[in-house]
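*Asks:* Generate the whole structure from the sequences, applying the supplied hints.
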Amino acid sequence: MSSIVSSRTVIRRAALTAFVLFTVPSAFSAQQSGKSPAEISGVNIEVVSTTPLAGVDLAKEQIAAPVQTMNASEIERAGALDLSDLLNRHLTDVSVNEIQGNPYQADVNFRGYTASPLLGTPQGLSIYMDGVRLNQPFGEIVSWDLIPRLAISSMTLMPGSNPLFGLNTLGGALSMQTKDGNTHPGGTVSAAYGSHLRRSLELEYGGSSAKGWNWYVAGNRFGENGWRPDSHSDVRQVFGRLGWQHTQTDVHLVVSYANNSLNGNGLQDNRLLQKEYSSIYTRPDNTHNRAALVNLAGKHNLSGKVLVSGNIYYRDIRTSTFNGDLNDDSLDQALYQPNAAERNALAAAGYTGFPLSGENASNTPFPFWRCIANVLRNDEPGEKCNGLINHSRTTQHNFGLAGQMTYFGTLAGEKNQFTAGAAFDRSGVAFAQTTQLGFINPDRSIAGLSSFADGVTGGTVDGEPLDTRVDLHGTVGTASIFATDTLSIGSKWNITGSSRFNRTVVHNRDQIHPGGGTGSLDGTHIFQRLNPAAGMTYSPAAGLNLYFGYSEGSRAATSIELGCADPDEPCKLPNAMTGDPPLKQVVTRTWETGIRRGSAESFSWNAGLFFAENHNDILFVTSSASGFGYFKNFGKTRRQGIEISISDRFLKKLTVGGGYTFLEATYRTAEDLNGSGNSSNDDGPGLPGPIHVAPGDRLPMIPRHNLKSFVDYQAFNRLSVGLNLVAVSSSIARGNENGGHEPDGVVYFGPGRSAGYGVVNAESRFGIRKDLDLVMQLNNLLNKRYATAAQLGSTGFTTDGNFVARPLPSVNGEFPVPGATFLAPGAPRQFLVSLRVKI
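Whatever position you read off the sequence shown (first residue = 1), add 4 for my numbering.
Please note: incorrect hints may appear among the correct ones.
Think about it this way: if two alpha-carbon atoms lie no more than 25 Å apart in a straight line, the pair counts; the simulated BS3-like pairs of lysine-lysine are [said to hold, decoys possible]:
1. K788 / K279
2. K303 / K215
3. K657 / K496
4. K419 / K496
5. K309 / K419
6. K774 / K842
Pairwise CB distance ranges, derived in the manner of DEER restraints [stated by the list, open to error]:
7. V837 / P189: 25 to 31 Å
8. K588 / V310: 38 to 44 Å
9. T399 / T803: 57 to 63 Å
10. K309 / H696: 55 to 61 Å
11. V841 / A766: 20 to 26 Å
12. L306 / S77: 48 to 54 Å
13. P189 / S768: 24 to 30 Å
14. N816 / Q515: 37 to 43 Å
15. I516 / N445: 38 to 44 Å
Just so you know, the hints here were simulated from the structure itself, not pulled from any lab data.
Note that beta-carbon positions come from the ideal geometry of N, C-alpha and C, so glycine has one too.
*Replies:* Dropping the structure here:
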């Protein structure tokens, strides 16, 4: 898009902003809460929990990694919609890809590793709340809409492959603790209204009694129409916590429930975005999430030296999706009016109003009648119908328990903290998916027919139909033991060693093709590994701290990956799964080193290097027998870079800061990938040939440069104003992993990457009175048009928005299909006004 900011312009503007404002997002929160950046940086006073369960708290200067934290006051003042938005705006080296096109369904990337709500996305971050792992058993996905942001008391982003956080901790772990009535007494009511009919009502109330009881409840009701057609969302969240606290004991019960309907219209052809920025490719695209969580947790101080803690939880998650898509298999088919046989089939079925004569494509822009006729005759309807509706239903029952003991003592006369524990999780999963044939309406909606895929709409492999139906039941069980020890030598040295052993058993049973063998999802897969970590910190002077660390993490192959891992039975992802030969687990090895400073004054900074390499990485590759693909272990990928952050406060009124990351994310092993939308594919323009990835080629959708900066000014006692900038450089489009795509304006339209961008957000907060605040937000202040991600793919529309098939002449009997760059457009300027009342 011509209006999308160029990468060079973004970097130049970002550098200028960084020079003027300095940098570190967390300091923005620090000033808002009345704490100095030195206090927020954790030097001397702030402690961080280094395991998902409470009880293992270390000062930041003892942790060999650049940990980032936020507390409840900072989270509230940030004004973010949900957790993914909060992370993107205020934490260094976090970016988002809005592939789904809904604000609650972003892919969150940290150091090139992802936590995503989309099935099939390789997950590399683990997410915890009160010791409960929120990565879902089926696909390890993370549904951000199920996490009650309002109830979060504190959160810690732990970088690296820290094994203490268990499976999937390849690039980092996010651990959250919720509010209770002791720390958050009283209540608040907040009502907001904004652009595109965005409105929300939030309530929270906490309290305690003299007998040790405490309670906290919260609720959130959010709705919006969205800035694109058919993109409304409804979010309903309820949270409650009941606790009892004594001198030596703290026990609490947490109950959480969410019932949400999210519509997101995803990627759009870049040519159609230029014509109408709010346009959509196809619709509908709805996800309905319903989840309940019960978690009983506690800790008890056995003596002055021994602390035990643990939890037991149950989580029920039910997800259904209803997605209308273009049928790519119809793009190489001719469009014409029904022939005689097709007209007879229509008449026999009682249809009227279809064309009565002639085979003429000129007045048949949408193949409505031909689609219906071929469904009736069962004559390749999967190729003649240009629309599909994918229905899926997922049910997950997740149970787990964990416990640990911490001993505070001495070793060789020096202060020592030792923790050991164990955890067990078991989940039952049921996943079913069907594909319904249909056709595209002029408004881009898909009208479904009474015909579901039973092996005809997924194309063919070696002349046999590919079945797109899935009905999978299974269990996933993980048992773990772990230990960590921190030895403090004098007041300057801290040495930490950790390890965790995980054993995961994935037991799948195919309800459509039971019995195992080719084409069946039946199988039992075992993954086990001992992951170690070690680190050291050194403080040569007050406030100055050096750190060095090494860690290993792993993740087991997911059911989605195991269900599409047979080169002889390739599939379309995520619409179909087939046979599942074993995959090896992914192992990540991470090195960290850096230097940081925090002081009792206002100035703090951090500079560090990191290097992470994935071994036996899992990649979706091209089958040599067809245009489909499958998952396989293929070697290595690497993520390495530099992180810098700095913050300062002037005259107790002006706070400036930010963070910058340079990230190089590359393949380290050669491989062949699907290149159907890439001009450099082997088969020629418009054909579904492979592309060749070489060591050193960049991983898609991961920007090299990431900048966060802010300025906040406390104009008066009751009035504060602030600006913050989120800027990233360009990133490679998915499908252009070899970097070889070049648009020609005939067969291929659009570049092989998304442009860099910079978005400025503004906020003003006015205290009308002591218990009443007025907050005004203006997101995307400059109304920039930008894209957070790009993907190459086949396109079925002209620039006028009309469906077209066979627009290009045949090549050796095959009809090429035009390719386009599909972009994930960011939201335009939006305002939000809210009132917050303390009760």
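*Asks:* Which of the listed hints are broken here?
*Replies:* 3, 9, 12, 15
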